[in-house]
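Student: What follows is each chain in one-letter form.
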Amino acid sequence: MQQVITFPELVTIMEQHPISIASRDDVLGGVYAAQGWEGRYRELMRLGRDLPALPEELYEYSCPVKGCESEVRLLLGITPEGGFWCWAHSEARIISGLIALLLGQVNGLSAAQVCGLHLEAEMEELGLMRHLSPSRGNGLKAIINAIQSHACCLSQQA
Amino acid sequence: MQQVITFPELVTIMEQHPISIASRDDVLGGVYAAQGWEGRYRELMRLGRDLPALPEELYEYSCPVKGCESEVRLLLGITPEGGFWCWAHSEARIISGLIALLLGQVNGLSAAQVCGLHLEAEMEELGLMRHLSPSRGNGLKAIINAIQSHACCLSQQA
Amino acid sequence: MPIFDIESVRRDFPLIVNETLEGRVYLDNAATSQKPKCVLDTINHYYAQQNANVHRASHHLSTQATLAYEEARETVRHFLNARSREEIVWTSGATAAINLVANSYGRRFLQPGDEILLSECEHHSNIVPWQLLAEERGLTLRYIPVLPTGELDLSELPTLLNERTKLVALAHVSNSLGMPMPVERVIAAAKRYRARVLIDGSQAVAHDNVDVQALDCDFYVFSGHKVFGPSGIGVLYGKYELLEIMPPWQGGGEMIEQVSKRGATFTLPPLRFEAGTPHIAGAIGLASALRYLSTLDRQAAAEYERYLLNGMERLCADIPGFQLVGGQGRTSIMSFLVKGMHPQDIGTLMDMQGIAVRVGHHCAMPMMEALGLSGTIRASLAFYNNLDDVERFVDALRKAVTEF
Amino acid sequence: MPIFDIESVRRDFPLIVNETLEGRVYLDNAATSQKPKCVLDTINHYYAQQNANVHRASHHLSTQATLAYEEARETVRHFLNARSREEIVWTSGATAAINLVANSYGRRFLQPGDEILLSECEHHSNIVPWQLLAEERGLTLRYIPVLPTGELDLSELPTLLNERTKLVALAHVSNSLGMPMPVERVIAAAKRYRARVLIDGSQAVAHDNVDVQALDCDFYVFSGHKVFGPSGIGVLYGKYELLEIMPPWQGGGEMIEQVSKRGATFTLPPLRFEAGTPHIAGAIGLASALRYLSTLDRQAAAEYERYLLNGMERLCADIPGFQLVGGQGRTSIMSFLVKGMHPQDIGTLMDMQGIAVRVGHHCAMPMMEALGLSGTIRASLAFYNNLDDVERFVDALRKAVTEF
Ligand SMILES: Cc1ncc(COP(=O)(O)O)c(C=O)c1O
Ligand SMILES: Cc1ncc(COP(=O)(O)O)c(C=O)c1O
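If you're matching them up, the sequences are chains A, B, C and D in order. Heads up, our numbering is the position in the first sequence plus 15, with the first residue counted as 1. Heads up, our numbering is the position in the second sequence plus 15, with the first residue counted as 1. Heads up, our numbering is the position in the third sequence plus 82, with the first residue counted as 1. Heads up, our numbering is the position in the fourth sequence plus 82, with the first residue counted as 1.
Take these hints with a grain of salt, some might be off.
[Claimed, not checked] Not everything, but these chain B residues come out facing chain C in the computed CB check (under 10 Å):
hint : residue
1    : R57
2    : G63
3    : E86
4    : R108
5    : I110
6    : H146
None of these hints come from the bench; they were simulated from the model. Note that the Cβ used here is the ideal one computed from N, Cα and C, for glycine as well.
Make the full structure from the sequences, and use the hints.
Tutor: Written out as structure tokens, the structure reads:
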């Protein structure tokens, strides 16, 4: 089960994630600009290749999200100022690229803001809905569920 | 599991069954002569009403043949001369009538002769096949199987 | 007669249409129900356009199949008014669902000396699994006695239910007589001793809506084939907090999280209890049946069934020797005897006239024993039966009784 | 190319026709197979004309249904060349069949300290039931190791198999690599220690005829959905002398002889193991699939599959980084990796091009661990695939590897 990290040492590392609301347009612009499915998936694979894996300090707190096809590591954190940060990574590049799309929507927002998002909308818009099937194949849906349920839960506590 | 009775005291009683190869035409003639299904089933019910239940001496050696709908008691015997005798009875009249049809084909023959019979043929001829379905509802098929398998087994031993 | 467009409904059921053409009448609905055409179409469409294994791959077909399969789970959730989809476990039928609870919940949480309370009216499927469990674990089974009317005698409940009672398993409606069981009262009493309650809804779902939250039972089971769905599929509803602490029963693909040579860890409910490739066509076929039901006015359908049942009983009343078995409030089932005639002879003579009824102990031997009967004849109705069926049944019964 | 009228056969499979029209290629046949039209027709006909409960009533419909259901059992008997119909038990699938043996035979006849021998190549369904049993009963599981070729290393068999070995459970063909397992040799070795042998035929039946008498195994299991039959139905073959001494597993209707409040007596096999209303449409649908197979030249179909597989492997050989997993003799399955690319990325890129393959551990984690792999990509063929499917697959793979 996921925990939400609040240790200052770790959260400080988590805030360094290169993909956040702030860097979003720079990082994800290519996916939007890409032509056809081939272009889009090439961009996703590039994004996925660049997505940083969890450094060791974070890895040991992260949880596996299991699918039949690949494993995703996931860690959620919240800063003292209430900033919501998520790290996630998969060995598979396309999944990692899709994770990057998610992180660009949530990292750096408040939990309440994240709770209010419709995270699937962007993937719908990009024609990537097939990756959100309830099949346990990839775990993307499980990540979205974890992000959203923790964010909503945190924002109620606050 | 069925046993085949050979105790002289009991076999002597079993030989008294009113329905046998010898009495067959008298007893069963009515079924053949009957008109339409109504006539035939009336005759079957009459036959069934007249079919003797197992007297106590026999009953205690008999085995139940279970169906969902009614229970049949069954006992097989063989005389010192090799005559094959079967007693069977059900509370339900039509089943008892069908049993009478069977007994008229086997009682008093030798085991080898019974083994060679196609017991279902007569029921086919009379349009009574529906009672021979593999459904466990009535147990008629189980009786035929027991008669035939024991008769064949006995005739090989002889 | 209540407003219910019977002739239009009847046309939705290909087998009923066919039997009518053949001059036969189907009154064995409590054994299994017939399927509306939409269920056949769903199954066909599934095999012709969607068939793939679920939850295992992420290619197009598999995604389609998984979506349909999980939507079907949602349809069942809605049908039972369960809190969440995760409370709905697919099984191969009501029997398998009860065995699952006995083997998973029962073997983990019941201790020697604990008691299970059943009723004398249960179907064998709600008796034998508990007997097997009781023998293995050293449990005691108790039975709420049945009265000659087919009602349960709740006067003994205070002694039957005690601190040792850990589980109560009770039919929602009895299958042999069609008597509704006092589930609300028994559930309330069981709660006082913190006993878990399983309700066997096999005979209820075809006739009424069910609300597991209102009932507040812990488990609810039924079979698809009795509620106008396909064969080989059934449902176990369980409160999530119970499913969550229950160990898996069967091992296999997809109920695992990780398997090594040394052991395995298991995934969350409901998949934890769905070892092996599931009956996908069955699940979506059942959902199709439930969706069909939701297009009907179920209240009106139930009233219509009562109307048919009352008519049937009234018309039978002057048949010589006719004896109704069971008391008031019966839904859609008429169990009866005819003095001086064996039930099986009646059944055969009805069948010769094209009327399908069931005869015997109806897989409820303990109840038959308690009532001193060896069996009954049972005519069971569904909302696609009509007055003509009822009249043909009564004429055939009269003929069987008076002319043979 | 062997003589086999592929285009005519292909037209028998509605989903394959449909996928072809949609421009998609189905190469996930090892997960589940598609159904010939006759199976759909059988199911439809059953629900529209025959549907009734079996073995319970003797009215017309029930008799028809029971006849069809028992004829289906005979069809399976013939398919496996079992001695008698009574050796064929219907289950909900291969997984349920293995669980049945583990829970009935295993819990009755295996004692603490006894050993069960498996192989490292088994599907989770042939591992987890034994792990659950071993934990409960204090048994030891041993595994025949797999070689890097995917073959079993039988050199260790003499130490793995000993007086304590009571049961051996082995796949006929491995599902992840398609390697045929040395079942004859293992069965012969097991017999020397009087160990019982269960063969998991899930991946064999779609590709070859099976003769359980020639194999002389004690149990043989398979799923209907993998042999062109419906979902939710499977088969346990067991030697009658074993089935006869095995206690029931699940309790319910129709597996009983007599039930009282104190206990129950059970009927003979196979019904003893078929608690509850069975999956009647599934049983007769499976029989319809097996009859369909019997109209084909199965030898030719198997040769044709080998021809496709060889072609596929040859065409893939020059794709940069392509690595075949597994050795010689594989039937209809190509499991592979592409250097530098994650299998899941390949799977996704294939799916985007309309090609259905499966990616991952294929429910065989212990084998993946033994081979040091985290997963593979698996393309699995059936006789209704054609050269065009193979070429489209290879083109798509080349594009995925070279253009992304
Ligand atoms: C070798 C093998 N054994 C067992 C199974 C389990 O079959 P099912 O899921 O149909 O029960 C499969 C398929 O998934 C398999 O390939
Ligand atoms: C009340 C009741 N419980 C359980 C069952 C068992 O259902 P199934 O045989 O579909 O598992 C039935 C029907 O046979 C029933 O009527």
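Student: Using Cβ atoms only, decide whether B/G63 comes closer than 10 Å to chain C, and label the hint accordingly.
Tutor: 8 Å, holds
Student: May I ask you to test the interface hint for B/R57 with respect to chain C, counting a Cβ-Cβ separation under 10 Å as satisfied?
Tutor: Nearest chain C Cβ about 6 Å off; hint holds.
Student: Please verify that hint: B/H146, Cβ, nearest Cβ of chain C, below 10 Å or not.
Tutor: 8 Å, holds
Student: Can we keep the B/I110 interface hint, with Cβ of chain C closer than 10 Å?
Tutor: 7 Å, holds
Student: Tell me if B/E86 is really an interface residue toward chain C, meaning its C-beta lies closer than 10 Å to one of theirs.
Tutor: 8 Å, holds
Student: Answer holds if the nearest beta-carbon of chain C is closer than 10 Å to that of B/R108; otherwise answer violated.
Tutor: At 5 Å from the nearest chain C Cβ, B/R108 passes the 10 Å test, so the hint holds.
Checked against the numbered hints above, the structure breaks none of them.
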